[in-house]
Amino acid sequence: MSFPLPHPMRLALDLAAEAARAGEVPVAAVITRGDTVIASAANNMRGGADPTAHAEMQVIRAAAALLDAQRLDDCDLWVTLEPCAMCAGAISHARLRRLYYAVDDPKGGAVAHGPRFFTQPTCHHRPEIYGGIGEEEAALQLRAFFAARR
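Sequential numbering from -5 applies to the sequence shown in the working numbering.
Misleading hints may appear alongside valid ones.
Stated by the list, open to error - Per label pair, the in silico range of CB-to-CB distance:
#1 138 to 102: 12 to 22 angstroms
#2 8 to 42: 15 to 25 angstroms
#3 118 to 142: 18 to 28 angstroms
#4 17 to 122: 29 to 39 angstroms
#5 1 to 115: 34 to 44 angstroms
#6 144 to 114: 16 to 26 angstroms
#7 29 to 62: 32 to 42 angstroms
Read the hints as simulated data drawn from the structure, not as lab findings. Just so we're clear, the structure is a prediction, and the values are computed from it rather than from any experiment. Ideal Cβ positions, reconstructed from N, Cα and C, are used throughout, including at glycine.
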């Protein structure tokens, strides 16, 4: 039996598909506060000529600006790919309450793989973490994107 995805992850997956059509790696993120979407963004590294323009960085900046706050401690992040070390650091500094992600990233991920950022003693804030939400669709998007470039 299949269940509908939570609205924020559905939105993130749709944004990731748009990013792929624009030539960006199909990763997108949404920040919510309660049931309200605060901000959404997709990867924009190519389009913005900015190696730090990962979806998570973009959405954290947008939410912080919109809320006029440096900490997003009552907000949740939904992202289509396990965050890298840079993004995990930003998640910690932003004090995001929860992290929901779709698919593991064994090569570049830093939450369940690699440095396992949130388990390090130097990490001062650890969000609640929930993986595998929308995993199949996110994995298909990524595989299709990279297969088309090989």
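Hints, verified against the model:
In this structure the hint that residue 138 and residue 102 lie 12 to 22 angstroms apart at CB holds, the actual value being about 18 angstroms. Against the hinted window of 15 to 25 angstroms, the Cβ-Cβ separation of residue 8 and residue 42 comes to about 20 angstroms, which satisfies the hint. At roughly 41 angstroms, the beta carbons of residue 118 and residue 142 sit outside the given window of 18 to 28 angstroms. In this structure, residue 17 and residue 122 meet the distance hint of 29 to 39 angstroms, their C-beta atoms being roughly 34 angstroms apart.
Residue 1 and residue 115 have their C-beta atoms about 36 angstroms apart, which keeps the hinted 34 to 44 angstroms range intact. The supplied range of 16 to 26 angstroms is broken by residue 144 and residue 114, whose beta-carbon atoms lie about 34 angstroms from each other. Our hint of 32 to 42 angstroms for residue 29 and residue 62 is violated, since their Cβ atoms are close to 21 angstroms apart.
Going down the numbered hints, you'll see the structure goes against 3, 6 and 7, while the others check out.
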